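Asker: What follows is the residue order along each chain.
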Amino acid sequence: MTTDATKLPYTRESFVSGQEVRWCPGCGDYSILATMQRTLAKFDLPKEKYVFISGIGCSSRFPYYMNTYGFHSIHGRAPTIASGLRCVNPELSIWVITGDGDGLSIGGNHLMHSMRRNINFNILLVNNRIYGLTKGQYSPTSPIGKVTKSTPDGSIDYPINALCLAIASEATFIARTLDSIPVHMGSVFERAMKHKGISFVEIYQNCNIFNDKAFEPVTGRDNRDDRMVILEHGKPLVFGKERTKAIRLNGLQPEIVDYKEGMDTKDLLIHNEHDPEPNYAYILTQMEYPNMPVPFGVFRNIVKPTYDEMLNAQVDQAVKTKGKGNLKDLIYGTDTWTVK
Amino acid sequence: MVDIHIDLKPMTKKPVLQANSITIRFAGDSGDGMQLTGDQFTDTAAVMGNDFATLPDFPAEIRAPAGTLPGVSSFQLQFSKEIIFTPGDLCDVLIAMNPAALKVNIPNVKRGGLIFVNENVFDEAHIKKAGWKADPLTDNTLKDFQVIKVPLSSLTANALKDLPLKLSEVERCKNFFALGMIFWLYDRTMDHTIHWIEKKFAKRPEIVQGNITALKAGHNYADITEALPAQYHIEAADLEPGTYRKITGYEAAAIGFITGAQLANKTLFYGSYPITPASNLLHELARYKNFGVKTFQAEDEIAAVGAAIGASFGGQIGLTGTSGPGLCLKSEAINLAIMTELPLVIMDAQRGGPSTGMPTKTEQTDLLQALFGRNGESPIVVLSPKTASDCFEMAVEAIRIAIKYMTPVIYLTESDVINSAEPWKLPELDKLKKIEVVHPKSGNEPFLPYSRNPETLARPWAIPGTPGLEHRIGGLSKADLTGNVSYDGPNNQKMVDYRANKIKGIANDIPEMQVHGPSSGKLLVLSWGGTYGPIYQAVVDLKAQGIEVSQAHLNYLNPFPRNLGKVLSQFRHILIPELNSGQLLMLIRSMFPGVNAIGLNKIQCQPFKVEEILNKIKEIS
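So the protein lines, in turn, are chains A and B.
Letter 107 of the first sequence, counting from 1, is numbered 107 in my numbering, and no numbers are missing.
Letter 155 of the second sequence, counting from 1, is numbered 1155 in my numbering, and no numbers are missing.
Hints were generated in silico from the structure; no laboratory data involved.
A quick note: this is a predicted structure, and the numbers were derived from the prediction, not measured.
Calculated cross-link-like contacts (lysine to aspartate or glutamate; reagent style DMTMM-like; alpha-carbon spacing at most 20 Å):
id, chain 1, residue 1, chain 2, residue 2
1, A, 340, B, 1240
2, A, 194, A, 275
3, B, 1133, B, 1123
4, A, 47, B, 1445
5, B, 1433, A, 329
I would like the entire structure built from these sequences, with the hints used as guidance.
Answerer: Pasting the structure below:
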């Protein structure tokens, strides 16, 4: 990878497949797609080294629109295919595109296990809190009481918090971004790509057809300054239109306190994405609307040996200690007898 | 080595009689080491040049309550100076380590057969626990058998009394005492087992000494007891010249899959979730990392097949293994491999069903599931090994077909086939053919991921990382040539036909079916999978009686061998014995309507006995 812009071989257009994009006009996925294409253009990794793998759902059409290798698989199973691919090829940059239904409902198990294995690929979970492709049923991230076609009297399912699951599974890179701020999204994608091990990124995405403005109270133009807090490593969690609020811990509970530029920050919560323990990142995942501002950015970023590294190391070690296997030893084994 | 504490009478040399074939059944609690004991006897039969076949029969419970009927674990083997094809019907000798083992296994012993019992555990509590109303050793229960009562526990304890072993450790040596007796009875060498014990327990010399002492004590006891008036000797069998090793089905499958991958110059990737009876393949393959094998114990059956598909997409060979319930879970992903036309091998080791069924028992009830158990038109290759050693050849074949035709292949085996053991005549290495693999490279023309090889109808296997061939595949209906998403009706018909014709065409690339016996006549017995052995034996036995019956065997269940219809048409009756309610029968009747096919069906956890096949054949002819 290089940062020398003059040498970069690609532009956004290099990653446009040319297939007609078939998301609804106004869908947040357009912005995610464009941001991804722009992000990859910042790297000099050859185009053929990228693989996008998805499951089923609106966002899972993503691979068709990327001029890279792609696999539009079956519902919820993209992480399994990515895992197998990673085990046999250490060089590719592998991206799983999933949604709140695909990743957290039917594919929840694979999501959890890919994360705890710390296998080296990136997962983008596009969360719009609704089933879009099946035309508007509530999803595992829909709030309780949500009225949809399948819940005319309101949903009675408590929602799952995607990042909470990620931290419980001890993912080594956990982040949240949103479709309406491409610059933030791009920087998160870039960091996810550079991370070795599993990267899990939740993207708040607006489904303007079935769940329009679901995130408006948090990310809307008028609300975002007070209701979003952007995480920066080593810095206090400052937010508010005039940057006058910060967070401190009262026991295990985060609470909002007044903040002034230059004040003594020792009582404030200072963001540490490298904390090896998951507890702090978990507290961040619990900061939810309406009681607390919702954190965006990188929650956690730690280094741990990856599954694929360890798998390859075991193979190498076996070759070293036993010698590279050959068919004669394999078939003839040690205990044979001869009949004349 | 310490002295063996048995009151040794002067050794009287007993007569050694000759025997052809002997079937032995070791039975005890699942913690009694019966599988190990059976394995050791089998290894020795191999070393002494006999032909043999084994049938482990164990409960699903790891340690069911001691002394109960569900906890009984058995191991049957037949060893012979003749060439044999089954582990034997009823046994000549039963070793029953407790009253429960006796109760479960009496129906498996020949009238007049020998039954060894551990007399020490025939007390009131054990007898009651096994569900006997009275002591079977003192009433008339065993009047049809020769019963040898041996105080196994106390003799073992006595033999080991000076060794520094705990009581529980002494108790665990009694299976070697029993093995020693049987070794004596059949004039076997103890060397192989002694070496095995020394190696296996190398870190615990006192255990080595305990087991070897028990083994020798059992041997000596058999020599001096008046209950055993003679020894039997079974000459080496007249096996075809060559180099042999003893092999179980899952070992042969593992070696075969690795060989297939090596012949294709590919990494073998095995994605699997533990399930009985397929887990042994995972254990086996995990040992072969120095062959580049990568095993992935996935979070579930779906992840296991998904990962295997991912590995194949990545240009290596993806394999997944399971049993019936797992095959249900994998169906959707198998269809993805059919739609994306990627090579993939799925091993299904059939067990008792439906649902959880009987995990450790054998059946052939997944045939129609393997062929048709998916949504849409989803043709797939299905092949099936017939014996433990055939698991090797069919594994290589599965990989060859998967790669050459870019298709998933179901390797359909059975609990009894993969768990059984037999002598394997090892293939000559230079006769193993390379599996040719072509990965396309970028050219001047635009890349067409769904173009086809005109001969095989396979699409190109372009792998991620290849410059210029970036493309997308997936489960949605694909346009011919470009592979773009297509909802066009005529295109869909075309793609459905391509996939079907691709599988049909494989019939031209597999061997024609051979007939064992006359090529026309009154009766052909058609076997598939593990029914091969008992049918073959039945046909051989009938021939010895002057009755000519033919057998043909199906290693390939989709596509069928191209001459199948012609072969069937030469016989007045076709008998199809199956461990299901008539699944192959249904296929044969629908594909070859003029054929007079008759079923012989059994779903009782056990393979066919030769006698059952013989009786049915006699009924027809």
